[in-house]
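Can you build the whole structure from these sequences, using the hints too?
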Amino acid sequence: MTIPSAAALLEPGAGGGAGALFVGVGDPVYNSADPRWAGTPEPGMLHRWGLALVPLLGASASPQTNLELPRLAASAAEIRECSRRWGVRETVLLEGPAACRDRLAEALRRRPAVLHLATHVLTPEGRRDGALIALSLGPPGRPEALTSSEIASLGAARLVVLSGCSSGNGAPLPGAGLVGLTRAWLAAGADRVVASLWPTPDDLGEIFLSFYGHISQQPRQAAEALRKAQLEMLHSGNWRREPRYWAAYVVTGKG
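Take the sequence shown: its letters are residues 79 to 333, numbered as in the working numbering.
Warning: the hint list may mix true and false statements.
Label-pair distances were calculated between CB atoms; the ranges are [what the hints assert, rightly or not]: (1) 184 / 155: 19 to 27 Å; (2) 111 / 228: 39 to 47 Å; (3) 316 / 162: 19 to 27 Å; (4) 187 / 309: 32 to 40 Å; (5) 314 / 220: 35 to 43 Å; (6) 179 / 148: 17 to 25 Å; (7) 315 / 179: 37 to 45 Å; (8) 152 / 111: 30 to 38 Å; (9) 187 / 296: 35 to 43 Å.
Just so you know, these hints were derived from the structure itself, not from any lab.
Positions of the beta carbon are idealized from the N, C-alpha and C atoms, including for glycine.
Next up, the structure:
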């Protein structure tokens, strides 16, 4: 378990009263060639995450930068199975074109217990504090991404899980602690955030299935639930026993 700074945990947030609602975001549409995308192309757009990211990432993305994102095909099954392990009937699963900012903001207004984001996380070169959560293309083919500053205006679930690659990275700043997506969700009102420290595979999220099975029994024991899930992976007898898989995940926040 890691704590970015005492100030982050004292930041006013959503407070109590969160229900059992599970919100999952997975398998966004990252390319207009995806058959699930039914928008109308905007003139001059590449309709993918390539040059369209230049305004978001600034000088770090040039016309020669290959930023087209692959589909995370297994992430839809990940959020579905995780919601089942959480064990409540009330779920909001945002997949494909529905994995967009407006639908996410609408779901967060209901103050869910859990937000599970199975999306790409992009970090501009030299800007560890500038990570972005990549969402689906909008109707005109323009990509959507959540920045740390935007997260603060959305609010948060009590538990936020970021299964994207290196989602727990950030910039260590003197007197401020670790600044990144984890800090942003804590400031938005989350009690605890699960994130990864390095790239992770696009699979069914076996470690999260185990995690939700444990935390559904003890909702305030995220660190212990993750520890148990990591031990299960360690003793799985398959490729998930490798530390490069299970050791990537950490809990930040209040236990």
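Checked hints:
Hint check: residue 184 to residue 155, Cβ distance near 23 Å, so the stated range 19 to 27 Å holds. Distance hint check: the CB atoms of residue 111 and residue 228 are about 27 Å apart, inconsistent with the given range 39 to 47 Å. In this structure the supplied range 19 to 27 Å holds for residue 316 paired with residue 162, their Cβ-Cβ distance being about 22 Å. Distance hint check: the CB atoms of residue 187 and residue 309 are about 37 Å apart, consistent with the given range 32 to 40 Å.
Checked against the hint of 35 to 43 Å, the C-beta distance between residue 314 and residue 220 comes to roughly 41 Å, which is consistent with it. The hint said 17 to 25 Å for the Cβ distance between residue 179 and residue 148, and at roughly 21 Å that hint holds. For the hinted restraint 37 to 45 Å between residue 315 and residue 179, the CB-CB distance of approximately 41 Å keeps it satisfied. Distance hint for residue 152 and residue 111: a CB-CB separation of about 19 Å, inconsistent with the stated range 30 to 38 Å.
In this structure, residue 187 and residue 296 break the distance hint of 35 to 43 Å, their C-beta atoms being roughly 27 Å apart.
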